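Enquirer: What follows is the residue order along each chain.
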Amino acid sequence: MAEVARGASMAAALGRREEGGMLGVSRASRYTAHAILIVGILIVAFPIYYTFVASTHSLQTILRPPLPLVPGGRFWENYTTALFGGIGRIGGVDVGTLLFNTTVVALAIAVGKIVISILSAFAIVFFRFPFRMFFFWMIFVTLMLPVEVRILPTYKVMVDLGLIDTYTGLTLPLMASATATLLFRQFFLTIPGELVEAARVDGAGPWRFFKDILLPLSKTNIAALFVILFIYGWTQYLWPLLVTNRNDMNTIVIALRKMISFADADTQWHLVMVTCVLAILPPILVVVLMQRWFVKGLVETEK
Amino acid sequence: MATVDLKDVRKVYGGRIEAVKGVSIAIPDGSMCVLVGPSGCGKSTLLRMIAGLEEITEGTVSIGGEVVNKKGPAERDIAMVFQNYALYPHMKVYDNMAYGLRNRGMARDEIDRRVREAAATLGLAEFLERKPRELSGGQRQRVAMGRAIVRSPKAFLFDEPLSNLDAKLRGQMRIEIKNLQKSLGVTSVYVTHDQVEAMTLADTLVVMNQGLAEQIDTPMAIYERPASVFVAGFIGSPAMNLLAATGGEPGKGLKLAGGAVVKPRDTVLPEAGREVLLGVRPEHMTLVSDRNNADIELKVTAVETLGADTLAHGHPVAGDLRSGELIARLPGSVHVADDDVLPLAIQPGMAHIFDAASGRRI
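Quick note, the sequences are listed as chains U and H, same order.
As numbered in the numbering used here, residues 1 to 303 make up the first sequence, in order.
As numbered in the numbering used here, residues 304 to 665 make up the second sequence, in order.
Simulated from the structure, these hints should not be mistaken for lab results.
As the structure is a prediction and not an experimental result, all values here were calculated from the model.
The C-beta atom is built at its ideal place from N, Cα and C for all residues, glycine as well.
There may be inaccurate statements among the hints.
[Stated by the list, open to error] One side only, chain U facing chain H, incomplete, derived with CB under 7 angstroms:
#1 D94
#2 E194
#3 L195
#4 A198
#5 R200
#6 D202
#7 G203
#8 A204
#9 I213
#10 L215
#11 P216
#12 L217
[To be verified] Simulated restraints, written as ranges between beta carbons of each label pair:
#13 G317(H) - Y155(U): 46 to 56 angstroms
#14 F129(U) - E369(H): 25 to 35 angstroms
#15 G162(U) - E369(H): 57 to 67 angstroms
#16 V370(H) - V115(U): 33 to 43 angstroms
#17 L487(H) - M133(U): 37 to 47 angstroms
#18 T103(U) - D412(H): 22 to 32 angstroms
#19 M409(H) - T103(U): 27 to 37 angstroms
#20 D398(H) - V115(U): 23 to 33 angstroms
#21 T190(U) - L487(H): 31 to 41 angstroms
#22 V644(H) - T190(U): 30 to 40 angstroms
#23 T190(U) - G440(H): 14 to 24 angstroms
#24 V370(H) - F127(U): 55 to 65 angstroms
#25 G317(H) - T190(U): 18 to 28 angstroms
Isolated chain H, as found in the complex (with noise of 0.2 angstroms):
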């Protein structure tokens, strides 16, 4: 058990394409790390560096306190687990839980007792003489996590362990990892592109976008103060509605795209004149019986009603589609139909102001 130190790790392919452009974490001992963000944002390849897969161009990286650039993976004492499961095909669960032991020069009877003892824990007992393709998926899940159980090591490296299976299983799993690496208490690094998955098991969210982390925090905090449009955007579903707006004279409140103005209680304003976006959640706004404690009306354009909640899309009312379309979470037992037109307050300190130019939260 280890802490795991990123400082200012960057990856060149080339020479030219820049992939991980200069990112520091401290992952704490024992805790998990979840690197989340869209396909090509440079999470799995920060992964394969602390793994040791991939070269690290700039930057270091330390598994306990030891800077491990130059050692192999094997030498680096980290366990990984594989999208795709990569188990041994021609071996027994049993031998592919054992192969990385064995390897190592490991007693045999030691193997034996951690083998016995991982497959206890992850319900594969009796599976251990089958080979990996008459396992259903989620066994052999379990299977490429045991293997990474056996060794005990300093690190575990979650490379989207459970894009693989079905939505099902995928809860069902997540929760068994998260008890898992909270009973064996081994510091862990998650990369997921999925974010429910990263907000249920993060300790410490790194929300990455284009080789950078544009926001590191406990997934409340990111979810309550996204640092960035992106953030906002990228966590949280359906995502937080963004509009235009111009910021107004003072105590005159937001100015949307379309001439609407806004007032959201409990948030500080920009300066006058200056182009923003508001990011209001859509589970943040209320259904309001008077249109005059309304900060925004919606003009409906489509409904899904999801029976618990019903979610209503539409834009700003006397805003043109320039300022942006809007979603508000309702609950299921209000009725709208399209065309309506919704009274909606936003949740006092609920509003998200960014900068337009930056995308930077103001």
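Only chain U is shown next, with the shape it has when bound in the complex (with noise of 0.2 angstroms):
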């Protein structure tokens, strides 16, 4: 009977606690801690739920407030002509071209970035070569020189080069990466000794053992990196200004910035709008699409 009583007695410990959850919070705490983080994410969301909704309506609506809480009859309407009709104030560019545009120069950035650290920190942890250090600290160095510090020479070598106004020119000065190439050195400096050395007894020499032991096991690593850099990448504002005259090359940050007058009335919010919420889904779906190996990535070291 007393046995009976006592593992009864645990079943309903036990069902508190699940009930409380691992940490074993009350229920009171619990919808607190729930209240809190949904207004958070109010907080967060509801400026983008506007740029939509914004998006959605005529200019006129938007010019005479207040604007409306729901989506107004104007979507396709907005949309078709932003994405295909050209808008006026950035030269009859329309948003298409600017997202080709920003789709090229993010993913240029994010694989060449990618592609040369993971190189260089192969070379700098499993080969012995002379001078190893001096050039792993010259790469350290160049954590200190942004491009914003540079930008001067290097937007004289772009010009001598003849690069302005191109995809080249857009992305080959950002790909350098020492961040990237610390994070990959870090990584690569847990992987086992015996790993390594039981590849050269299998028979691996340097370019397989990056390809069939190194790439896959990187693989989180390079998709944590990915989606990192390839909203550095959609999100620069600087060096695109600068190094791009022709509208058709704009990026779609430089665009937007073109499309709003100082004037309130030349401006067409609603394309403003539409351009916004444009230029915000490639980096959602990114993060979306990648978020377990992101996660992963940042978490896991699976070894």
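Two chains, two frames, some hints: make the complex.
Expert: This is how it looks when you write it as structure tokens:
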């Protein structure tokens, strides 16, 4: 009998535990926590929602406050005009072209940075060559020289090479990345020496080792870096502003700025809002699609 | 299959630190050579030089009669089993085993045949599609061995392969490795710091200390006739008793540091006045009923009751602490209490005399 009673009370205790969650917090504090989280989400999400709402109204509605809280009926009209129609202020370039430019730039920067930094980290960690530490420190030092600091000389070089208004000019100076190199270096240092030696005994040369073992092991790191770097590339402002003159080479962030005039009436706010919404979609898409990998890469070290 | 020969192999790091100071070992075809020693004795460095993972500063390593000093690890046709398994974490068990073969450009069906055969031998057939992290420690170790087996190399090299396993599994895997090595008949070099592993696995046992091979022989020969104080202390558990003593007048036996006189039978005794160490294994001392027949008397300070055996710790009576600690392994049926004085006889021929200065056997 006593056994049974104890069993029952234990089950009850377990039930209570489960209800309270892992940390054993009470129901009330759980509701409070959720309430705070929901308020936080609303604060973050509302401006984005409002941008979307504005993008579905006509210019007249936007200019005559208050702006309605629900989407209007000009969704198709506004979006097709923006995407394909060409917008007056930025020289008849449609948002489609801008999206394409920005995608090319963000992808090139992300992929370029990853390729360069993984290769240099590979060299620095797994090879013994003269001045190895010198090169490591050289890469490290560039951390102190971001684009903004070296912007004039870099601009001069780009002009001399005739790379103004080209994708190369937009991306190349932003590619070398000490941060990503250091990140890969730290990860490579955690790979046990025995694994490297096992591969050597198995007849894998440096290239095979890189391709068959290092790359698959770095998958999650690469994914996490890709997300971060894609967004970094997508949101570049200063450099694209300098290195592009032609409107059809603008990135979306630059174009967005150019669309906004000082005089409120001149600005086609409904199209600005459409461009805003379209500008944040690709980064969101990248984050959502790669979220699983992104989190894995940040928290888990698979060894 | 091949012989492995080391001739005066030396390893110097950075021109100063001498890790291996000239070791020569001849390992016959198909036999198992175990390198044993405390950490930092150079045994792993020696193994890595055989593997080609470490450059050889001086001397030669030959596998199958061919000097391989200049060859890379893959060209030496050896397979290595690592302490931490070193399995490729992102590959399935099958691919882990097949990777080395693929790199050699072996035909697909031949690879498949070899991997499945090795998996069957090692009882891994049902795990071929799993990733290493889904396996237990023992299974991982088996995969690591499978990776070595499929290559059918000239030699297996084991670098402390069992030290990450729990005691029970270690005992089991020890037997498995032994049987596997016997049935495959592959020349093997095995590094361990565990003397039980060393004793049970070795055909040839190499006891290493500070970069030198102190003794190379069969395990039993090393147990019975250790060449130095170091070997005597390292092989055997509990370790051999070593008592400081001086050679007495002819026919007078040995004088222990505290004054007691010991006359071991069937032992060549040192000349009078020579400083020596008297070595007796705990298991080579027998309890006698008559004090007059005792070679040495043990004053007990601690008792370990192990069931089958009782270990009596103490020091010689009429000897001060300078002469050293003394442990006797007695049958479990004997009752011993602290402060007892046990009359012990040293079994004939079981006393070892070492020179106190050089530590070498006399």
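Enquirer: The structure should be examined with respect to each hint, and the outcome stated for every one.
Expert: Hints and how they fare:
The interface hint given for D94(U) is violated, since its Cβ lies 44 angstroms from the closest Cβ of chain H, which is over the 7 angstroms cut-off. The interface hint given for E194(U) holds, since its Cβ lies 4 angstroms from the closest Cβ of chain H, which is under the 7 angstroms cut-off. This hint holds: L195(U) has a C-beta 5 angstroms from the nearest C-beta of chain H, less than the 7 angstroms allowed. With its C-beta approaching chain H no nearer than about 4 angstroms, A198(U) sits inside the 7 angstroms limit, and its interface hint holds.
The beta carbon of R200(U) is positioned within 7 angstroms of a beta carbon in chain H (closest approach about 5 angstroms), and the interface hint is therefore held. With a least beta-carbon distance of about 4 angstroms to chain H, the hint placing D202(U) at the interface is held under the 7 angstroms criterion. Interface restraint check for G203(U): the shortest CB-CB distance to chain H comes to about 4 angstroms, inside 7 angstroms, so the restraint holds. For A204(U), the interface hint holds, since its Cβ comes within 7 angstroms of a Cβ in chain H; the closest pair sits about 6 angstroms apart.
Look at I213(U): its Cβ gets to within about 6 angstroms of chain H, closer than 7 angstroms, so that hint holds up. Nearest Cβ of chain H to the Cβ of L215(U): about 9 angstroms, over the 7 angstroms cut. The hint is violated. Here the hint on P216(U) is kept, as its CB sits about 4 angstroms from the closest CB of chain H, short of 7 angstroms. For L217(U), the shortest C-beta to C-beta distance to chain H is roughly 6 angstroms, which falls under 7 angstroms, so the interface hint holds.
Separated by about 48 angstroms at the C-beta atoms, G317(H) and Y155(U) satisfy the suggested range of 46 to 56 angstroms. For F129(U) and E369(H), the hinted distance range of 25 to 35 angstroms is satisfied, since their beta carbons lie about 31 angstroms from each other. Between G162(U) and E369(H) the C-beta distance comes to about 60 angstroms, which sits within the given range of 57 to 67 angstroms. The supplied range of 33 to 43 angstroms is met by V370(H) and V115(U), whose beta-carbon atoms lie about 42 angstroms from each other.
Our hint of 37 to 47 angstroms for L487(H) and M133(U) holds, since their Cβ atoms are close to 45 angstroms apart. Under the hint 22 to 32 angstroms, the C-beta atoms of T103(U) and D412(H), about 46 angstroms apart, miss the expected range. One distance hint, 27 to 37 angstroms for the beta-carbon pair M409(H) and T103(U), is violated here, with the actual separation near 44 angstroms. The supplied range of 23 to 33 angstroms is met by D398(H) and V115(U), whose beta-carbon atoms lie about 26 angstroms from each other.
The hinted window of 31 to 41 angstroms between T190(U) and L487(H) holds, with their beta carbons roughly 35 angstroms apart. With their beta carbons about 59 angstroms apart, V644(H) and T190(U) fall outside the hinted range of 30 to 40 angstroms. Judged by the Cβ atoms, the range 14 to 24 angstroms given for T190(U) and G440(H) holds: they are separated by roughly 20 angstroms. About 27 angstroms separates the C-beta atoms of V370(H) and F127(U), a value inconsistent with the hinted range of 55 to 65 angstroms.
A hinted range of 18 to 28 angstroms holds for the C-beta pair G317(H) and T190(U), which are about 25 angstroms apart.
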